[in-house]
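Chemist: Since the structure of chain A is provided, determine the placement of chain B on it from the hints.
Residue numbers (the UniProt record's numbering), protein chains in the order written: chain A, 1 to 268; chain B, 1 to 268.
No lab work stands behind these hints: they were computed from the structure.
Check each hint, because a few of them may be wrong.
Claimed, not checked - Pairs of lysine-lysine residues, derived as DSS-like cross-links and limited to a Cα-Cα distance of at most 30 angstroms, are as follows:
1. Lys66/B x Lys112/A
2. Lys149/B x Lys149/A
3. Lys154/B x Lys70/B
On a predicted model such as this, the values are computed, not experimentally measured, just so you know.
There are 2 protein chains.
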Amino acid sequence: MCELLAMSANVPTDICFSFSGLMQRGGNTGPHRDGWGVTFYEGKGCRSFKDPMPSAQSPIAELVTKYPMKSEAVVCHIRQANSGAVNLENTHPFIRQMWGRNWTYAHNGQLKDFTTELPIQFHLPIGTTDSEHAFCWILDQLHITFGAKQPDYKTLFSFIANLASQIDTLGVANIIITDGEYLFAYCSNNLHWLTRRAPFGQASLIDAEVAVDFKKETTANDVVSVIATQPLTDDETWHKMSAGQWQLFCLGELVDGALIAGKLTANK
Amino acid sequence: MCELLAMSANVPTDICFSFSGLMQRGGNTGPHRDGWGVTFYEGKGCRSFKDPMPSAQSPIAELVTKYPMKSEAVVCHIRQANSGAVNLENTHPFIRQMWGRNWTYAHNGQLKDFTTELPIQFHLPIGTTDSEHAFCWILDQLHITFGAKQPDYKTLFSFIANLASQIDTLGVANIIITDGEYLFAYCSNNLHWLTRRAPFGQASLIDAEVAVDFKKETTANDVVSVIATQPLTDDETWHKMSAGQWQLFCLGELVDGALIAGKLTANK
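In isolation and in its complexed conformation, chain A is listed as follows (with noise of 0.2 angstroms):
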């Protein structure tokens, strides 16, 4: 299994804090020693540092660690590899281009029969994941579904919701997907968020040994929510996300909290 973590937020907030306690589980106090990668998105472009090596010891996740990218979407994934070889190719995040945007996909699961479950058309995936090929799929039906033209984000996430409770037939499937913009968690089995705001106060990591003091780092209109596969600190109050639930942020808020974010049937 692998570990994701996600950030959305109002304004340019970077990621240091629950990224250097994430790197950790990548070797040190955690097991997910076949890669890492994130995604940060500054308006419409992004940038991804990636690496085949254990996060705990890669140069490249030193940097990202300690040189604040300021984003207002992220997404990190650390990975225990289950399908596909330890390589380049096969690590996350993934990253594709569909109606003028850059969409970005992270997986923590496992898939059976996906390439017979979920055939594939137009977007060829590189690697051997189980997770990759998924997103093809997505971008397939996306593609097929809507054409050239991106429709309304109520119904494009809704749609994608559906789709990834469709994956997660097959096994296991967590899942980030974001264009920057709105950011989309579905929980499979195991998913954690919380929304930072004022009054701010402090916050300790599980896995290092750093604590930050979020009133001398933001200012009172700041909002920002954190989605990890599990808590990244020990004196804040997570909500665990239930099997089949998705949720959709935006700008670091939950969007249309009661309207269109809920429950799916699992159809487990």
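Modeler: Below, chain B without anything else, positioned relative to chain A:
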């Protein structure tokens, strides 16, 4: 204008030496202050490092200079913006997927009337540069002409050369494009290349007080070609490409030099 640097090699080779020379031109020995990027291939996988900051002052560029990432194909670009704002989405190289491969594109030059002369249906640009638009147009033309199946490399790169010469009629278009296996270079007005092989000698950078003795860094079978806007060393013989000329490299070698690489009629 911008500067390009690319490498094709028959063994995974680091580009630290050439890269450290090029990075000096990004705000130090050259005026290309509007960002930089580099893509390294490892097999079919690739990773990019990008920064809208000047390369001579970028902590990420410093990491890439010092951390020897070994690769068979590399594309670098430093930018002096003339089309599109200075931001991440306008920073080269551009990467998109087709036929189960990562395709990387970088451009030095400037195009007029590209939105009308290079109409796009499928591969929509994310940023606002002439360069990304032309890349999307190339992918559209490949998709329209060859569909879901990649043609043989001779057909493919002859076709791409024809597209490059059409782009070149709109202004200046020195182009590098690669799928990590083949590396294609089109010269509009400014592109040089050399191939390093045994017996290896010493080389000295023009832009920094750095010399390297390749005998100590290589084996007798290594073959490495480097393509650059301007020669990076002052004690090696660089081949200057002529207007409308293109070259294809694979595993460090010129491909079928006499057979398919050659001069197109420049429609300028």
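Chemist: Against each hint, give a clear statement of whether it holds in the structure.
Modeler: Status of the hints after comparison with the structure:
1. Lys66/B x Lys112/A: violated (42 angstroms)
2. Lys149/B x Lys149/A: holds (25 angstroms)
3. Lys154/B x Lys70/B: Holds - the C-alpha atoms of Lys70/B and Lys154/B are around 27 angstroms apart, at most 30 angstroms.
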